[in-house]
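Q: Build the full structure now, drawing on both the sequences and the hints.
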Amino acid sequence: GESVGLHLPTLSVQEGDNSIINCAYSNSASDYFIWYKQESGKGPQFIIDIRSNMDKRQGQRVTVLLNKTVKHLSLQIAATQPGDSAVYFCAENMGTSYDKVIFGPGTSLSVIP
Amino acid sequence: EAQVTQNPRYLITVTGKKLTVTCSQNMNHEYMSWYRQDPGLGLRQIYYSMNVEVTDKGDVPEGYKVSRKEKRNFPLILESPSPNQTSLYFCASRTLAGGIETQYFGPGTRLLVL
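Chains A and B supply the protein sequences, listed in that same order.
Anchor point for the first sequence: position 40 equals 309 in the working numbering, and the numbering is continuous, going up by one each time.
Anchor point for the second sequence: position 67 equals 428 in the working numbering, and the numbering is continuous, going up by one each time.
Hint data in this document are derived by calculation from the structure and do not stem from the laboratory.
Treat the hints with care, since some could be wrong.
[Said to hold, decoys possible] DSBU-like mimics (lysine-lysine), calculated; alpha carbons at most 30 Å apart, straight line:
{"hint": "1", "chain 1": "A", "residue 1": "Lys340", "chain 2": "B", "residue 2": "Lys418"}
{"hint": "2", "chain 1": "B", "residue 1": "Lys418", "chain 2": "B", "residue 2": "Lys379"}
{"hint": "3", "chain 1": "B", "residue 1": "Lys379", "chain 2": "A", "residue 2": "Lys369"}
{"hint": "4", "chain 1": "B", "residue 1": "Lys426", "chain 2": "A", "residue 2": "Lys325"}
{"hint": "5", "chain 1": "A", "residue 1": "Lys369", "chain 2": "A", "residue 2": "Lys311"}
{"hint": "6", "chain 1": "B", "residue 1": "Lys426", "chain 2": "B", "residue 2": "Lys379"}
{"hint": "7", "chain 1": "B", "residue 1": "Lys378", "chain 2": "B", "residue 2": "Lys418"}
{"hint": "8", "chain 1": "A", "residue 1": "Lys340", "chain 2": "A", "residue 2": "Lys325"}
{"hint": "9", "chain 1": "B", "residue 1": "Lys432", "chain 2": "B", "residue 2": "Lys418"}
{"hint": "10", "chain 1": "A", "residue 1": "Lys325", "chain 2": "B", "residue 2": "Lys418"}
{"hint": "11", "chain 1": "A", "residue 1": "Lys337", "chain 2": "A", "residue 2": "Lys325"}
{"hint": "12", "chain 1": "B", "residue 1": "Lys418", "chain 2": "A", "residue 2": "Lys311"}
{"hint": "13", "chain 1": "B", "residue 1": "Lys426", "chain 2": "A", "residue 2": "Lys369"}
{"hint": "14", "chain 1": "B", "residue 1": "Lys430", "chain 2": "A", "residue 2": "Lys311"}
{"hint": "15", "chain 1": "B", "residue 1": "Lys430", "chain 2": "B", "residue 2": "Lys418"}
{"hint": "16", "chain 1": "B", "residue 1": "Lys379", "chain 2": "A", "residue 2": "Lys325"}
{"hint": "17", "chain 1": "A", "residue 1": "Lys325", "chain 2": "A", "residue 2": "Lys369"}
{"hint": "18", "chain 1": "B", "residue 1": "Lys432", "chain 2": "B", "residue 2": "Lys378"}
{"hint": "19", "chain 1": "B", "residue 1": "Lys378", "chain 2": "A", "residue 2": "Lys311"}
{"hint": "20", "chain 1": "B", "residue 1": "Lys418", "chain 2": "A", "residue 2": "Lys369"}
{"hint": "21", "chain 1": "A", "residue 1": "Lys369", "chain 2": "B", "residue 2": "Lys432"}
{"hint": "22", "chain 1": "A", "residue 1": "Lys311", "chain 2": "B", "residue 2": "Lys426"}
{"hint": "23", "chain 1": "A", "residue 1": "Lys311", "chain 2": "A", "residue 2": "Lys325"}
A: Spelled out as structure tokens, the structure:
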């Protein structure tokens, strides 16, 4: 079936280093992608999104890259801080339904002080 | 403060004992939704509602009911809970005028069914 998956379930990085979280998607019809951050005991929080007509989008300390050729999405966090420790989810929307969002299983990011 | 609240936050129950998890939002959002989160599976949508008295099934609706009698509230009802409904549940809401990225999530309800 169609799914969104993450290559790395856990990731540990040193404070100040850059983090890269990867995501593979299988639905070539997906045209909108979102990254969420979920801190312990809280619900998912929107970080950044990208549409399929783009291959890169930057936010504050975060960058999302989209490679449609290999159906790959990544989230880069610059100068990772302890507050970045969380579970990160990618999600895709096929555009046919305003609400049909498929979430990946998540990657746990731990920042080592 | 704009928020989605859920109650209870933690619940332990036994098989077959009916329970309700409440969800309330103070943003006058039309759209509300329930998800369950399980390890390795991400979030999966259970039910959603586009407005008062308008509800529809998501991807995993079996064993659940919802109601939308008021715009601010969207309770999730488990008529006869089973152990496979042990999970972390999230309620979410957004305005229909906004995109998916504007969705607010509640803090979650952790349910254990024995």
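Q: Work down the list of hints and note, for each, if the structure agrees.
A: Status of each hint after checking the structure:
1. A:Lys340 - B:Lys418: holds (28 Å)
2. B:Lys418 - B:Lys379: Roughly 20 Å between the alpha carbons, so the hint for Lys418 of chain B and Lys379 of chain B holds.
3. B:Lys379 - A:Lys369: holds (29 Å)
4. B:Lys426 - A:Lys325: Since the Cα atoms of Lys426 of chain B and Lys325 of chain A sit roughly 41 Å apart, the hinted pair is violated (cutoff 30 Å).
5. A:Lys369 - A:Lys311: Holds - the C-alpha atoms of Lys311 of chain A and Lys369 of chain A are around 22 Å apart, at most 30 Å.
6. B:Lys426 - B:Lys379: holds (11 Å)
7. B:Lys378 - B:Lys418: holds (23 Å)
8. A:Lys340 - A:Lys325: This hinted pair holds, its Cα atoms lying about 14 Å apart.
9. B:Lys432 - B:Lys418: The hint holds at about 18 Å.
10. A:Lys325 - B:Lys418: Roughly 34 Å separates the two Cα atoms, so the pair is violated.
11. A:Lys337 - A:Lys325: holds (11 Å)
12. B:Lys418 - A:Lys311: holds (25 Å)
13. B:Lys426 - A:Lys369: holds (19 Å)
14. B:Lys430 - A:Lys311: Distance of about 27 Å is within 30 Å: holds.
15. B:Lys430 - B:Lys418: holds (17 Å)
16. B:Lys379 - A:Lys325: Answer violated: Lys379 of chain B to Lys325 of chain A is near 48 Å, above 30 Å.
17. A:Lys325 - A:Lys369: holds (23 Å)
18. B:Lys432 - B:Lys378: Roughly 27 Å between the alpha carbons, so the hint for Lys432 of chain B and Lys378 of chain B holds.
19. B:Lys378 - A:Lys311: holds (27 Å)
20. B:Lys418 - A:Lys369: Holds, because 12 Å separates the two Cα atoms, which is no more than 30 Å.
21. A:Lys369 - B:Lys432: Since the Cα atoms of Lys369 of chain A and Lys432 of chain B sit roughly 21 Å apart, the hinted pair holds (cutoff 30 Å).
22. A:Lys311 - B:Lys426: The hint holds at about 24 Å.
23. A:Lys311 - A:Lys325: Since the Cα atoms of Lys311 of chain A and Lys325 of chain A sit roughly 28 Å apart, the hinted pair holds (cutoff 30 Å).
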